[in-house]
Amino acid sequence: MGGKCDIELIDKKGKRVDGRTPEQLRDVKIEVGVLHGADGSCYLEWGGNKVMAGVYGPREAVPRRVQNARRAIVQCKYNMAAFSVDERKRPGPDRRSREISKVISEALEAVVLTEMFPRASIDVNIEILQAEAGTRCAGLTAAAVAMADAGIPMRDIPVACAAGKAGGHVVMDLGKLEDNFGEADLPIAIAPRTGEILLMQMDGHLTPEEFERAFQLAFDGCIKVGELQKKALMEKYAKAVPEGNGNEAAKEE
Amino acid sequence: MNEETSERRIVLPGELIGEGASLRPGQGAYRDRADGRIYASRVGVMGKHSGYVNVVPLSGVYDPQKDDLVIGIISEVGQSNWLVNINGIYPAPLHVNEVPWRVEFGETSKYLNHGDAVLVKVFSVDETKNVQVSMKDRNLRKLSGGQIITVDPTKVPRVIGKSGSMINLVKSYTDVWIFVGQNGRIWISGGDASMQVAIAAIAKIESEAHTTGLTDRMKQWLEEHGTVKPAGDAKPDEFAAPRGNSGNAEENKDASEETSE
Amino acid sequence: MSATTVSVILKDYLYKLAKEGKRQDGRTLDSYREIEITPGVIDSAEGSAKVKIGNTLVYAGIKMQIGTPYPDTPASGVISTSAELLPIAHPDFEAGPPDESAIELARVVDRGIRESGIVQLDKLCITPNEKVWMCYIDLHIIDHDGNLFDACSLAALAAIYNTTVPNARFELGEDCPLPLLPEPPISCTFVKYGGIIVADPAIEEEQVAEARITVATDEKGDIRAMQKGLNGTFTFSEIKEVIKMTQDKGAQIRKMLKKA
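Taken in order, these protein sequences are the chains called A, B and C.
Residue 944 in our numbering sits at position 171 of the first sequence, with consecutive numbering throughout.
Residue 198 in our numbering sits at position 194 of the second sequence, with consecutive numbering throughout.
Residue 120 in our numbering sits at position 93 of the third sequence, with consecutive numbering throughout.
Quick caveat, the hints were computed from the structure, so don't treat them as lab data.
Mixed in with the good hints, there may be bad ones.
[Stated by the list, open to error] The list that follows gives simulated cross-link-like pairs (lysine-lysine, PhoX-like), each with its CA atoms no further than 20 Å apart: (1) B:K146 - C:K38; (2) A:K997 - A:K785; (3) B:K208 - A:K1009; (4) B:K146 - A:K1012.
[As the list claims (entries may be wrong)] Restraint ranges, calculated between C-beta atoms of paired labels, are given here: (5) B:D220 - C:N258: 47 to 57 Å; (6) B:D220 - C:G123: 20 to 30 Å; (7) A:I970 - C:G123: 47 to 57 Å; (8) B:D36 - A:M1007: 53 to 63 Å; (9) A:E860 - B:S148: 41 to 51 Å.
Every residue, glycine too, gets a C-beta built ideally from N, C-alpha and C.
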């Protein structure tokens, strides 16, 4: 946030530097069940972000000291590939990825029916293959789909989206330049059915009025992306039950 | 499966599937304390049955139930018990008192060792999901020979079929021994060529598990690929899937008892 | 619990098939699973590729940076290869610094590329003793279903053939392709169990394997790198047989790589 920039992030007609309107999301593409080894998986592209999520579990939590005798825990590992950013990132966790892993673990855990699996762990791995602003939202959104694909019992399918302020305007889903040179970023995750907030972070500077507007935009973005999550899951699972009385399906071959 | 409702659709976690105090949430469902309504917690097929609304899951790990017959693999050998990997969340202890042999303290590894496959029964699941297994029942034993394959545990009922129709169909065309564990592990034993066909057939059933007309298609496929012809008629009655409502789980268990053609 | 408690039955079954010269998935001893090579999948990298061998999935990305040369090679660029066995790839992989398996894997891939001289390091010198290009090859293992050695080697090769040196970004003139020799050596990996040697081991075959060997051969059939692993043994005639198979398979894979 707040870097110096000669570029006009938004023009007088309200067109953003990447051509979007203030209320417009980047393109989001979601595929379910793409990995062989993981119990559930999801590949997601969100603008220039490319994310792979894979879930294992519920399985016995290791080491034993992390077990909770009454419920399951969610252990998320958010990891960036060395080549996912312009300047090569040293492999392995750093302070930033540990913090993101923690807030995503907590956000996802909020919807899981954890009491069903005492002492177990749900291991959620998020691999950022290509990063372009908003990787935590893209990662959480992919992880939630992978959890549904893994059959983890949960109250809802969490979804994330950010809004922020760039070039003096409140805008939805900051792009790379807006993220680098804008005034504020507000990533949130929600449980779309109830509207409960699962994750919220903010950096930069917003007036209370701007915050309200930004929250509304991020929330709207979550609802839109949530529909795409459901569509992607149905694409995989709708095949599972044939429509009608089944005679047509029987003749298919 | 869905005697009481014509509604039978795929639902996702968080989807509203029922209302009213008279309806209760069953498998794959939960009641929201705030609004009193019932929502799905799993991806699955919704159905209403005897006052319950259920979501039969389409994915997920094996959730052990009492009396399930499962194929386990010994993962640890203790002084007076073994730990058995039953493809579930937690390893299940098998105590020396629950095996058909008299085992002296510290001599457990003489009977079962790390990596051995065993046919066991889930004899208790407590509130905190601690599972114990037993080998003290007819047919329960150590498995040797053959091969073990693993299918998605949620597809086991389909692999078995109504009253065992599907798995009997595979057996009748391949002349192999097949045991389907409720935990998704399947033991197959017989001639190499027949085993290959049986393995391929089960893979096909798994990948097409939720399509209709599968029994007919499998029959066709086995006519082409089977290594033997079924003895006598292919018992068409069995495939007509009598709509018994006496609980499929029970039927499936019977069906999973090992039989040889 | 460990998801890969290898059952005695699996081992016996694979050994029994081996006696008849067969494999569990019906492949012949020297055949590979389906190979898919997709270069240029990551925009943030200077070169990249996604490689699938059966269900095994690896991404390779190349980052080019400017650094100082090693004192003993003051006019040569630098190559560095890392591999991560990510916890997403297999239920037994844990997060954390690379263990010795990951290090062996990265070093074998590195040798296949470095020692073959396929990257013309002298052309990556900007100012001798001061500034050279550093070529970082990072292997991101996403799905492990056996034969990571070949999947990683192939992904690394496909990625370097896809690489652009970003001269313009560093005001060093125009961007250009990474200076490479046209014919790369290709690595093929084999494991031995029950008296047979099989190419491109699936994960179950690796789990029961007694010995493993990776051989890289070039377009002339010359041997360019080798690595034997595990505590089993090979005879010299077995090694010669493996080299012969590597020459055949390597030629086929080299063709696929060029087409990708």
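- Non-conforming hints, listed in increasing numerical order: Hint check: 2, 4, 6, 7, 8 and 9 fail, others pass.
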